[in-house]
Amino acid sequence: MITQEKYRTTVKELLASDSVKMVIGYKPGSTPDRRRPLFIRSSDDADQLVLDSTCITNLSGYLVAEGLLSDEKRVGIFLRPEGIRSINILAAEYQLNMDQIVIFGFDSTGREVRPLEGRHSKDFSALLSDIKENSPQISKEPLLESIERMNEQERFDFWQEEFSRCIKCYACRQACPMCYCRRCIVDSNQPQWVNTSSHTLGNFEWNVVRAFHLSGRCVQCGNCDRACPVNIPLRLINQRMAEMVLEGFDHFAGLSPTQEPVLASFKKDDTETFIL
Amino acid sequence: MSEQQFEPNIIAFVCTYCTYAGADLAGTSRLKYAPNVRIVRLPCTGRISPMFILKALQKGADGVLVSGCHPGDCHFTHGNYHARRRWMVFRSLLEFTGISPERVKYSWISAAEGSKFADLINSVTEDIRKLGPFDQYQQMIKDAQSPATL
Ligand code: SF4
Ligand code: SF4
Chain B
1 MITQEKYRTT
11 VKELLASDSV
21 KMVIGYKPGS
31 TPDRRRPLFI
41 RSSDDADQLV
51 LDSTCITNLS
61 GYLVAEGLLS
71 DEKRVGIFLR
81 PEGIRSINIL
91 AAEYQLNMDQ
101 IVIFGFDSTG
111 REVRPLEGRH
121 SKDFSALLSD
131 IKENSPQISK
141 EPLLESIERM
151 NEQERFDFWQ
161 EEFSRCIKCY
171 ACRQACPMCY
181 CRRCIVDSNQ
191 PQWVNTSSHT
201 LGNFEWNVVR
211 AFHLSGRCVQ
221 CGNCDRACPV
231 NIPLRLINQR
241 MAEMVLEGFD
251 HFAGLSPTQE
261 PVLASFKKDD
271 TETFIL
Chain E
1 MSEQQFEPNI
11 IAFVCTYCTY
21 AGADLAGTSR
31 LKYAPNVRIV
41 RLPCTGRISP
51 MFILKALQKG
61 ADGVLVSGCH
71 PGDCHFTHGN
81 YHARRRWMVF
91 RSLLEFTGIS
101 PERVKYSWIS
111 AAEGSKFADL
121 INSVTEDIRK
131 LGPFDQYQQM
141 IKDAQSPATL
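Residue numbers (the numbering used here), protein chains in the order written: chain B, 1 to 276; chain E, 1 to 150.
Check before you lean on any hint, since a few could be wrong.
Straight-line Cα separation of at most 16 Å, EDC-like style, residue types lysine to aspartate or glutamate; simulated pairs [as the list claims (entries may be wrong)]:
#1 B/K267 <-> E/D73
#2 B/K27 <-> B/D52
#3 B/K268 <-> E/D73
#4 B/K21 <-> B/E72
#5 E/K130 <-> E/E7
#6 B/K132 <-> B/E243
Covered stretches of chain B (chain E as the covering partner; in silico rule of three or more C-beta atoms under 8 Å from a C-beta of chain E) [claimed, not checked]:
#7 152 to 159
#8 200 to 211
#9 235 to 246
#10 256 to 266
FYI, nobody ran anything at the bench for these hints, they're computed from the structure. The beta-carbon is built from N, C-alpha and C at its ideal position, and this holds for glycine as well.
With these hints in hand, go ahead and build the complete structure from the sequences.
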């Protein structure tokens with residue numbers, strides 16, 4: 001509550017002084033534990049702002065909405081650490097100019113929300129490095145562990161079962177701040193890469209492509225997982241791939257706005273034991 | 001009736017400067033190798049998108065081979081270094097979803113390695129033959145041809 005009030009005041013001040021043209025935050029949603037994005041342009045809008053532990057959506061995708069940043073004015077945004085990582089990636093991939101972004105950082109443990117110190121992405125670099133250092137210790141989801149213990153056939157069957165439910169609604173893509181391509185590979189049909197029928201084949205291909213394109217870019221904000229209408233545990237694939245790039249290339253996505261994307265860089269001595 | 005030996009379909013994506021030239025050398029040296037491989041030539045391993053591998057499987061391949069210049073020898077200086085990272089990531093992704101990494105193989109073959117090319121094709125063909133037809137994937141393909149159940 002205190003955090004929320006403080007931030008409301010700050011947002012109002014920044015808007016009044018014209019330091020930002022808009023602030024992206026949260027407002028109440030359709031149920032008590034749901035939140036909606038709020039686009040604050042006036043002091044009145046700011047009164048609707050809520051900030052509590054149920055504010056979990058990563059809002060950073062709204063920053064790359066067409067034209068929003070093209071007038072070079074600044075925009076404020078409420079972000080958890082994962083969100084700060086996403087905008088770092090967006091900056092590293094030249095999708096936004098970090099100097100236009102004013103960050104209202106927050107995090108929560110249990111129901112308690114606390115502010116994160118800083119306004120500019122670089123203020124959070126120590127925090128993000130800490131998260132990287134601690135990430136191997138974070139206990140894995142039991143389901144992920146059990147998948148890793150399965151044999152190939154069991155893993156295949158597990159994912160077939162999951163992917164068979166996919167309806168190719170692409171909500172996972174729309175919800176992801178990293179999926180900003182104007183034309184997604186599943187929407188291109190010359191050639192048609194991904195089988196379009198509603199069968200598992202195309203669903204499998206789509207999910208593999210999605211996961212591949214997000215390897216080393218996903219910050220595990222969970223937007224996709226929550227958006228999936230048929231509850232495919234996308235977080236498990238994301239987590240596995242994040243582990244892979246951390247182990248294989250010591251890459252933790254979104255550490256800084258100048259970090260090289262893991263699949264657009266290389267080391268001459270990358271391991272290659274599997275290459276004949 | 002005599003048991004017919006399983007002949008796998010293997011698709012090889014190769015770069016034109018090294019492995020394709022190596023395959024050429026194998027040919028001009030009259031080296032005989034397994035006829036199971038269909039070669040698709042590309043400008044560089046850096047151009048070999050994982051989509052190609054998925055496409056080959058979608059069209060019924062039992063195995064896929066991806067091959068290019070040795071590290072340091074890329075015609076475009078570092079296309080193969082980029083490709084190598086992509087392969088590592090893609091390989092572990094396939095493994096996680098239950099596709100055997102034995103079905104998709106990677107190699108470095110230079111323009112001078114005609115005999116390595118012939119040997120590799122033989123050994124890859126043998127390996128895939130041992131694994132047998134890619135039934136799991138073929139079932140998926142077959143299902144996709146029938147009307148949807150929903
Ligand atoms: S893939 Fe999912 S978890 Fe990862 S950044 Fe995108 S929305 Fe967030
Ligand atoms: S949100 Fe779920 S159902 Fe929709 S395309 Fe993504 S994985 Fe498939």
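Verification of the hints:
1. B/K267 <-> E/D73: 15 Å, holds
2. B/K27 <-> B/D52: 10 Å, holds
3. B/K268 <-> E/D73: 12 Å, holds
4. B/K21 <-> B/E72: 10 Å, holds
5. E/K130 <-> E/E7: 10 Å, holds
6. B/K132 <-> B/E243: 11 Å, holds
7. 152 to 159: That given contact holds, which follows from 8 residues of the segment 152 to 159 of chain B lying within Cβ reach (below 8 Å) of chain E.
8. 200 to 211: holds (count 9)
9. 235 to 246: Since 5 is at least three, the answer is holds.
10. 256 to 266: holds (count 5)
In terms of the numbered hints stated before, the structure departs from none.
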